[in-house]
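Enquirer: Letter by letter, the chains look like this.
Number of protein chains: 2
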Amino acid sequence: MAAQMKVIIIEPKTFDDAQQVANNLRERKPVVINFEHTDAEAAKRIIDFISGTTYALNGEIKKVGHNVFLCAPSNVNVTYTEEERKVSAEMPWLKK
Amino acid sequence: MAAQMKVIIIEPKTFDDAQQVANNLRERKPVVINFEHTDAEAAKRIIDFISGTTYALNGEIKKVGHNVFLCAPSNVNVTYTEEERKVSAEMPWLKK
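Line by line, the protein sequences are chains V and B. Position one of the first sequence corresponds to residue 1 (our numbering), numbered consecutively onward. Position one of the second sequence corresponds to residue 1 (our numbering), numbered consecutively onward.
Just so you know, these hints were derived from the structure itself, not from any lab. Just so you know, not all the hints are guaranteed correct.
[As the list claims (entries may be wrong)] Below, in silico cross-link-like pairs of lysine to any residue (SDA-like), each with a Cα-Cα straight-line distance of 25 Å or less:
#1 K63(V) to E36(B)
#2 K62(V) to A56(B)
#3 K6(B) to K13(V)
#4 K6(V) to T79(B)
#5 K13(V) to Y80(B)
These figures come from a predicted structure and were not determined experimentally.
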């Protein structure tokens, strides 16, 4: 049986919440960050802090929606399955 | 060392893409669904289909942002860390 895995969802309020995201990444847990209710200035600083964290931990940050990001530690592989849409946006002549 | 884990990100275009979400859930992989570019009617049907899938597999669906959902199979535990905000929205007299 596969081991139990954890995904954390965080809606940061202030820059201080960045630490909570970083702690979960250090524990090798993926984190979904929802900035919909975050002050724009704080969101920008959190993104910078978490970019530093994921860089240090060899992880990655992916935008998964408007104001929603997925931060993945190095043990988590993130796969986009809808490459077609992006290709068709860049190369409309390939559009079905 | 922890096993490599996968998180799938899908931006569905049509109802048929629901099957792709379901296949990943059956393979015990969490899926982030971004409905920002999905027709509203198709999104509704996909949500219903995936609700059926997660119910069958004892998993869960969580809204993680406007038009963004996280679908987790039963081996994935989803944790919200920001309960305070919800409480303060419902009970504003508790607000800091």
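Enquirer: Each of the hints needs a verdict: does it hold here or not?
Expert: Against the structure, the hints come out as follows:
| no. | hint | in the structure |
| --- | --- | --- |
| 1 | K63(V) to E36(B) | 12 Å, holds |
| 2 | K62(V) to A56(B) | 29 Å, violated |
| 3 | K6(B) to K13(V) | 28 Å, violated |
| 4 | K6(V) to T79(B) | 7 Å, holds |
| 5 | K13(V) to Y80(B) | 14 Å, holds |
Violated hints, in rising order: 2 and 3; the structure is consistent with all others.
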